[in-house]
Amino acid sequence: MKTLPTGSAYAIWVSIGASAAVAYGMITGDENFSIIKVLLLLGMIACVIGLKLVSS
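Counting in our numbering, the sequence shown runs from 1 upward without gaps.
None of these hints come from the bench; they were simulated from the model. The beta-carbon is built from N, C-alpha and C at its ideal position, and this holds for glycine as well. Treat the hints with caution; some may be incorrect.
To be verified - With beta-carbon atoms standing in for the labels, derived distance ranges:
| # | residue 1 | residue 2 | range |
| --- | --- | --- | --- |
| 1 | THR6 | ASN32 | 12 to 22 Å |
| 2 | THR6 | GLY29 | 32 to 42 Å |
| 3 | ALA9 | LEU42 | 13 to 23 Å |
Turn these sequences into a full structure, and let the hints steer you where they fit.
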């Protein structure tokens, strides 16, 4: 957290946790697989990367 603001670090951890939970659910069959969900998860990860680039 020396190089990231607290808000950005929190957003990163939350998005990692949410993405991992949904991915695990899709792998185990508890969560319905959908291309839209995968694209939205990728979009969320792209937004977190954008936060890192903007905070530099």
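Do the hints match the structure? See the list:
1. THR6 to ASN32: 12 to 22 Å: Given a distance of about 34 Å, which is not inside 12 to 22 Å, the answer is violated.
2. THR6 to GLY29: 32 to 42 Å: holds, 36 Å
3. ALA9 to LEU42: 13 to 23 Å: Holds, since ALA9 and LEU42 (Cβ atoms, about 21 Å apart) stay within the stated range.
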